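Chains as they are written, first to last, in my numbering: chain A, 1374 to 1877; chain P, 1374 to 1877.
Incorrect hints may have been included.
Mimicking DSS-like on lysine-lysine, the simulated pairs with C-alpha atoms at most 27 Å apart in a straight line are [to be verified]:
hint, chain 1, residue 1, chain 2, residue 2
1, P, K1443, P, K1500
2, P, K1853, A, K1853
3, P, K1858, A, K1858
4, P, K1858, A, K1853
Since the hints were derived computationally from the structure, they do not count as laboratory data. Here the structure is a predicted model, which is why all the values come from computation and not from measurement.
There are 2 protein chains.
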Amino acid sequence: MLETTFTATTTTSTGTVATAAITINDYSANQEKQAALLAALQNLLGERGVLLDPIECEKYCKGARYGEGKAVAVLRPNSHEQVVELVRLCVDAQQALLMQGANTGLVAGSTPDTSASVFVVSLERLKQHIVIDAVNRSVEVDAGVCLQELNDALLPHGLFFPIDLAANPSIGGMIATNTGGAKLIKYGDVRQNLLGLRAVLLEPAGAVLDLQTALRKNNTGPDLKQLFVGSSGAFGIITRAVLQLHHLPKQTATALIVPRDQTAVLEILRIFERDCGEFLSAFEGISGTALQAVLRHIPDMQNPFAPEACPDYCILLELCSSASQDISGIVLDDLMMRMLEPLLDQEVQNAVIGRGKDLWRIRHSVSEALRHEGKMIAFDISMPRSALVEFRVEATTFLQCNYPWIKCMDFGHWADGGCHFNLVWPADAKMTFDASVVQELRQQIYDLVVHKYHGSFSAEHGVGPYNRDFYQRYTSDVAKHLAGKIQLLLDPQRLSGLTWFGGV
Amino acid sequence: MLETTFTATTTTSTGTVATAAITINDYSANQEKQAALLAALQNLLGERGVLLDPIECEKYCKGARYGEGKAVAVLRPNSHEQVVELVRLCVDAQQALLMQGANTGLVAGSTPDTSASVFVVSLERLKQHIVIDAVNRSVEVDAGVCLQELNDALLPHGLFFPIDLAANPSIGGMIATNTGGAKLIKYGDVRQNLLGLRAVLLEPAGAVLDLQTALRKNNTGPDLKQLFVGSSGAFGIITRAVLQLHHLPKQTATALIVPRDQTAVLEILRIFERDCGEFLSAFEGISGTALQAVLRHIPDMQNPFAPEACPDYCILLELCSSASQDISGIVLDDLMMRMLEPLLDQEVQNAVIGRGKDLWRIRHSVSEALRHEGKMIAFDISMPRSALVEFRVEATTFLQCNYPWIKCMDFGHWADGGCHFNLVWPADAKMTFDASVVQELRQQIYDLVVHKYHGSFSAEHGVGPYNRDFYQRYTSDVAKHLAGKIQLLLDPQRLSGLTWFGGV
Chain A
1374 MLETTFTATT
1384 TTSTGTVATA
1394 AITINDYSAN
1404 QEKQAALLAA
1414 LQNLLGERGV
1424 LLDPIECEKY
1434 CKGARYGEGK
1444 AVAVLRPNSH
1454 EQVVELVRLC
1464 VDAQQALLMQ
1474 GANTGLVAGS
1484 TPDTSASVFV
1494 VSLERLKQHI
1504 VIDAVNRSVE
1514 VDAGVCLQEL
1524 NDALLPHGLF
1534 FPIDLAANPS
1544 IGGMIATNTG
1554 GAKLIKYGDV
1564 RQNLLGLRAV
1574 LLEPAGAVLD
1584 LQTALRKNNT
1594 GPDLKQLFVG
1604 SSGAFGIITR
1614 AVLQLHHLPK
1624 QTATALIVPR
1634 DQTAVLEILR
1644 IFERDCGEFL
1654 SAFEGISGTA
1664 LQAVLRHIPD
1674 MQNPFAPEAC
1684 PDYCILLELC
1694 SSASQDISGI
1704 VLDDLMMRML
1714 EPLLDQEVQN
1724 AVIGRGKDLW
1734 RIRHSVSEAL
1744 RHEGKMIAFD
1754 ISMPRSALVE
1764 FRVEATTFLQ
1774 CNYPWIKCMD
1784 FGHWADGGCH
1794 FNLVWPADAK
1804 MTFDASVVQE
1814 LRQQIYDLVV
1824 HKYHGSFSAE
1834 HGVGPYNRDF
1844 YQRYTSDVAK
1854 HLAGKIQLLL
1864 DPQRLSGLTW
1874 FGGV
Chain P
1374 MLETTFTATT
1384 TTSTGTVATA
1394 AITINDYSAN
1404 QEKQAALLAA
1414 LQNLLGERGV
1424 LLDPIECEKY
1434 CKGARYGEGK
1444 AVAVLRPNSH
1454 EQVVELVRLC
1464 VDAQQALLMQ
1474 GANTGLVAGS
1484 TPDTSASVFV
1494 VSLERLKQHI
1504 VIDAVNRSVE
1514 VDAGVCLQEL
1524 NDALLPHGLF
1534 FPIDLAANPS
1544 IGGMIATNTG
1554 GAKLIKYGDV
1564 RQNLLGLRAV
1574 LLEPAGAVLD
1584 LQTALRKNNT
1594 GPDLKQLFVG
1604 SSGAFGIITR
1614 AVLQLHHLPK
1624 QTATALIVPR
1634 DQTAVLEILR
1644 IFERDCGEFL
1654 SAFEGISGTA
1664 LQAVLRHIPD
1674 MQNPFAPEAC
1684 PDYCILLELC
1694 SSASQDISGI
1704 VLDDLMMRML
1714 EPLLDQEVQN
1724 AVIGRGKDLW
1734 RIRHSVSEAL
1744 RHEGKMIAFD
1754 ISMPRSALVE
1764 FRVEATTFLQ
1774 CNYPWIKCMD
1784 FGHWADGGCH
1794 FNLVWPADAK
1804 MTFDASVVQE
1814 LRQQIYDLVV
1824 HKYHGSFSAE
1834 HGVGPYNRDF
1844 YQRYTSDVAK
1854 HLAGKIQLLL
1864 DPQRLSGLTW
1874 FGGV
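Chain A on its own, in the form it takes in the complex:
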């Protein structure tokens, strides 16, 4: 084994001069440039700012659901200024970068591929700045701050950032993915709550696009921050965000209801939106098969209906309000009763009211329960709400005819048209699991969603390497051409991210 040591001297923008030495094993000529870059980066970021040890790098190289690869190094800047210098050095050296927040994404968008060629830029240490403006209901927050940390800081102000997720992503990652979650219908997605941001561009290298305004109305030209929302980190590195906040709910009413049939679901939704739409915060469908899986596999889980009864389908319905009962006179539990009473024996067959915590525990356990049933084939699709019933009928019939051994255990956010149309290939199926069959099935379902029902193949998880082929298949040439041209403007050397939006 040949061992070579490089030393580098760097002058940062603040005038600091530092030198560092870096030792690379298995030295080969074309690694020289990269090793010199790493030495310069170590000067800039400090010893803990550049991880090279494969064991230390491991957790940055494996996706939460898909993807496992290798990175040359993991860079961990702890300030905006370090990000700026880092980008200058890496772009100058033509070094590919992969942005990473908390690495909780579900499409491998922040996971390196197996080529062992990229530097992961983890923003996990960029979390010094959380400045709350309670009067403006807004917060300035560093991109590396995680959702839970932010909400903990907001709690004393009675405010919160209302994107409701099972995971705990970073704010930067949430912007790059435009997360939606279970309560979009009341609070909107990340885009709708993003007032401003600051990003470091790759072209001109290290240029700072400072759009850190805390404004709800601002129409002074194209809104450039929109480019960074849902771009999977391909357009630059977000270092700070300004977010709109909401008052914490002071009361919540929850019900698990059994609709008469599928058609009744949309009618119940319509009635609730019409008559108490201001309070409707969740309208989550859960299939009977998914509910049964939860009851089978998750410990201490009780059937909210009669012990032996399990409905074909049920809906977790939530109303919430920031108004306290005593001041406003509004009592959501009473409202829920008053709303459901005339529906019982009409659109609604059965209802369990209250016990919100238990009911949400059922809903949040579905994904885990499904994994006990076999191999999960996850779909994160959406469509106009008006198409959901017909789609579910057509898709389940299609499955029964063509893939009879596969179980459908879906759940979904009916109010925003989102559907986690999750399938399970049972562990005990006669047909052994076959990835190529899954790939074909996946495309058949997506074809149905996109072509027939005008829906989306990725409602809230983004594109990433996992959905790259489907992006190519379902995006029009005009859109790909334009997206690719914009991406080349912002990243002419194609150094950033793994997702290429510009066609094949």
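Dock chain P against the given chain A, drawing on the hints supplied.
Below, chain P alone, put in the same frame as chain A:
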């Protein structure tokens, strides 16, 4: 006068072959190409599709508030396909185009300049398609449909598009301006209610970017439709939109309240958002001077307070809900009373409750009343809500010291940080009106807003020629550079619109 007649034969994409003749007065050599283009356009659009008569063109050449210019012709396509062909012909001939909806904008963004070189493309005839999906709470609508026409069509469904404005703009124009209005705090702006659109691009000429989805969750790459929101028509021609709709309010409670002082305004807002934020639909400040002007100049207007009393400042507060009283049990009038009672003699000095129509009439008459007082100097600014009190104190003190003859008669949307900081140069002032003084004053106020209070020089009116210099002054070089590069991608010949986002 020399008169020349051109004839042209055109084959459209549908295979129709047509010939038309066009006669141009004062023929000169360099007009030949333009005349041939006009003849081809007349073939395409029909006789009423190309207006050349200066008298007929007049109304398309004068802005609602600012701007008056000349167009060579006004093109009035009545289908998406005609827009596609029109763009192909004009881009091929390097003919400058100016997109126009209902021409109700306030920054001359849809008004030609005096160079008499552009073709106005009016979308007023593109209004065949209004397809409502009540279950999805969405509508597909042609860009030329006006807000009122849309809401008339939605009425039977109990739905509406909730952007609240005094004007009646076209949907395409509303997207190009990202209109906000008086009820943004409850319903959001156009961007937040835009689910999809279709646009005709200038590069490649006539290419159609079809993003007509009716999806609330869709994260499949960069959201290209965002480029067209607030771009003043500079990036292409929007021909159709898909909009999210809301249930019509079934009850409304209104109050005009007098705050103890300026600081109390934000405290009242905080309390209302905290305790009944779901219903808060307007929180509009009206200065005493503006109220007095309304009472002086608008016929049949009664002082809602005691006949002789006029407060220094008041707030028009509105709660609304789609819930009917009998079904939900919520009575907004009672809620308003219950909310105001503990505030009276604390943050609130006086309150008039009910009479919503009369109170809104006062609010909507402010601009008209101000014109009777003298020359209006209008500001459409915004800032973080937390800065509004301090700004108003500083700005009015500045005016008293430096421009003592100018009256401040502002009103504003406190809940979204918007402030129509309108000034009046009285007709009877000793100092005669001087446009250069106004220009200096304007920049001084904007400097204060943008540099000290981190606000916006154009909250909801957009850039347009009227704000072009301020865009240049207050936009960072990095932002201008990026915006300009994107604009050149979409319009390499700079044929579209009048606003250039790419720096000087």
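Query raised in the report: Broken hints, numbered, in rising order?
Result: Violated hints: none at all, because every hint is consistent with the structure.
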